[in-house]
Amino acid sequence: MHTLRISATLAWRNLWRNHRRTIIMIAAVSIGVWAMIFMTALMRGMVNEMVRDGIASLPGHVQVHHPDFRDDPGINKLLPQSDSAVTERFDAAGFDVWSGRIKVPAVITSERDSRGVILFGIDPARERGMTFVADDIVEGRFLDGVDDTGVVIGSKLAETLETELGKRIVLMSQDPQNEIADRGFRVVGVFDAKLESYEETMVFAGKETAQKMLRVPNRINEVAVLGGDYRNVGPLLREVKELAGTGVEVLPWTELDAYLGSMLSVMDGFVLVWMIVVFLALSFGLVNTLVMAVFERVREIGLMLALGMRPSSILSQILVESLLLLAIGLLIGNLGAWATVVPLRDGIDISAVAEGMEMFGAASVLYPQLELPDVLLANVVVLVLGFLASLSPAWRASRYEPIEAITKVYQ
Amino acid sequence: MTAVRCIDLCKTYRQGDQDIKALDHVSVEIKEGGFVCLSAPSGGGKTTLLNAIGGLDIPDSGEVWIAGQRIDNMSKGQLAELRLRKIGFVFQAYNLIPVLTARENVEFVMQVQGLPAALRRGKSTDILTEVGLAGLEDRRPAEMSGGQQQRVAVARAIVSRPALVLADEPTANLDSKTSDALMELFVELNRHHKTTFIIATHDQRVMGYARRLIRMLDGRVVDDIEQNAA
Numbered sequence: 001m002h003t004l005r006i007s008a009t010l011a012w013r014n015l016w017r018n019h020r021r022t023i024i025m026i027a028a029v030s031i032g033v034w035a036m037i038f039m040t041a042l043m044r045g046m047v048n049e050m051v052r053d054g055i056a057s058l059p060g061h062v063q064v065h066h067p068d069f070r071d072d073p074g075i076n077k078l079l080p081q082s083d084s085a086v087t088e089r090f091d092a093a094g095f096d097v098w099s100g101r102i103k104v105p106a107v108i109t110s111e112r113d114s115r116g117v118i119l120f121g122i123d124p125a126r127e128r129g130m131t132f133v134a135d136d137i138v139e140g141r142f143l144d145g146v147d148d149t150g151v152v153i154g155s156k157l158a159e160t161l162e163t164e165l166g167k168r169i170v171l172m173s174q175d176p177q178n179e180i181a182d183r184g185f186r187v188v189g190v191f192d193a194k195l196e197s198y199e200e201t202m203v204f205a206g207k208e209t210a211q212k213m214l215r216v217p218n219r220i221n222e223v224a225v226l227g228g229d230y231r232n233v234g235p236l237l238r239e240v241k242e243l244a245g246t247g248v249e250v251l252p253w254t255e256l257d258a259y260l261g262s263m264l265s266v267m268d269g270f271v272l273v274w275m276i277v278v279f280l281a282l283s284f285g286l287v288n289t290l291v292m293a294v295f296e297r298v299r300e301i302g303l304m305l306a307l308g309m310r311p312s313s314i315l316s317q318i319l320v321e322s323l324l325l326l327a328i329g330l331l332i333g334n335l336g337a338w339a340t341v342v343p344l345r346d347g348i349d350i351s352a353v354a355e356g357m358e359m360f361g362a363a364s365v366l367y368p369q370l371e372l373p374d375v376l377l378a379n380v381v382v383l384v385l386g387f388l389a390s391l392s393p394a395w396r397a398s399r400y401e402p403i404e405a406i407t408k409v410y411q
Numbered sequence: 001m002t003a004v005r006c007i008d009l010c011k012t013y014r015q016g017d018q019d020i021k022a023l024d025h026v027s028v029e030i031k032e033g034g035f036v037c038l039s040a041p042s043g044g045g046k047t048t049l050l051n052a053i054g055g056l057d058i059p060d061s062g063e064v065w066i067a068g069q070r071i072d073n074m075s076k077g078q079l080a081e082l083r084l085r086k087i088g089f090v091f092q093a094y095n096l097i098p099v100l101t102a103r104e105n106v107e108f109v110m111q112v113q114g115l116p117a118a119l120r121r122g123k124s125t126d127i128l129t130e131v132g133l134a135g136l137e138d139r140r141p142a143e144m145s146g147g148q149q150q151r152v153a154v155a156r157a158i159v160s161r162p163a164l165v166l167a168d169e170p171t172a173n174l175d176s177k178t179s180d181a182l183m184e185l186f187v188e189l190n191r192h193h194k195t196t197f198i199i200a201t202h203d204q205r206v207m208g209y210a211r212r213l214i215r216m217l218d219g220r221v222v223d224d225i226e227q228n229a230a
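Here the protein sequences line up with chains X and F, keeping their order. This note's numbering applies: residue 1 is where the first sequence begins, and numbers increase by one. This note's numbering applies: residue 1 is where the second sequence begins, and numbers increase by one.
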């Protein structure tokens, strides 16, 4: 302990013997740490937004379907239980937000044009807090109830169909007997979504109205349940599986949208790789600084060894010096990242490249997200790898023969 | 009682294609409380002998005993411990750690030994006063003259009361007045504390202070005489 104390004193003072070199190295570490955290916050914000938007379009963290629904998501793949039976069971389970719906591919036609869409027959009261649409109506209103005879469409779709609020459109799909099922609707609401693709493809109608149109009274083909944390859906999945019983498929959002699901794990891996790459660039400077510092102090190291300091204390002295340098760099880098991210929390407008971003599901506003595990990871990466990088010069310093080190001075 | 005993020490260095015999069958015995000068021209082997006695260099053959303990077969760790507890060193130059103050330099060995701070402070204050550096405790080496620096080094060497002080050309970088002052300090410490001093030098003035003079040439002891010190 006493030698650690003198080692720490020597390390700290030696650090400031060459102010310029130390400041440059601290600046390099700070900028590296800032880059690690800030870029990670940007990427994390982007991916989280993508995931949240993706879940909003599903929507729900866990869904229940007919086992063949994913292969053929049509009206033939209804859940075995009736809508009212499902409602009774899921209400009794006490889920905060859940909804049973009918979801089928359909064709929407205006007097000008037609498009392929997904028709959602929903209970608007239950969907509030689950889909984004209820809060994103830009014209008109959201659906009033399960028997509302209007539809809500996206603004991009309205533009494509050259239709507008109050106009009539026709939705056409198939009933379970493969007969045409169609109905005229009046557009009662237009919504905006973060992704144009949602505006183009999602159409919302009252659940009972849709059931009547598709000739499947009191039947649904999807139950969606929203949990607390989309990153941890395991417990919710188990609960829903238990409740849904047999003859159905219960899947988390990570499997319902494998691309979206993989984003999170890919992101975690990418963050680590990014941090290591930044550190590798830093490590050259760090090792060079330490090698120079050791080289300049050969005689002192020899003197300390001659006076009876153990090689392990020399080793710890150099390591402490390195860790102090890293710690100062980390402190400044962390503060810098925090000071940069916090003012940008309201979002960075990247609409200039929004179309390109939308190709892989990202919105036009980036919300940097400073997450504690990412900050900790950056700090741990720098400290652990910095410690490892410092071992070589520190080991060399501790291996000097005292008399050889001192003799170098004399010669 | 014998402080240092060297028995038939040999040490050969390789320099280019040549083998240099730094120690050639050297045997020396020094009593406790002795004040001995090793004298030789450059390359005569005095520094090598001093380093062998201090456990800084291992002889090719022969034995080195310090206070009845054989040291030439000790491990690095044991040698470090021996140097820490029993031997004080004063080198020709670069004696001090530049980032530490005079007091911290003096306390360095005691701190490595694990002495409590209060005890260290008391001892360092006393010894710095004894070597005439009262008031300069907080100065760093760069803020002191060469003579003052050597005094700090001497203070550090003796502060923990080692049985043996080894000094290698301690006056080489000092003017004659400062050299005399330093040697008088050595003599004083030798008398007061009965510390054994072995000083390697080729300075005639320094030799004048020794009670015993060992002359070396080409790695061999050629003369070993008792004398009346100045």
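These are computed hints drawn from the structure, not numbers from a lab. A quick note: this is a predicted structure, and the numbers were derived from the prediction, not measured. Heads up, some of the hints might be wrong.
What the hints assert, rightly or not - If you want a taste of the chain X side facing chain F, the calculated C-beta under 10 Å gives, among others:
| no. | residue |
| --- | --- |
| 1 | Thr9 |
| 2 | Arg17 |
| 3 | Met292 |
| 4 | Met309 |
| 5 | Pro311 |
Don't be surprised by glycine CBs; every beta carbon is placed ideally from N, CA and C.
Which hint numbers does the structure go against, in order from smallest to largest?
3
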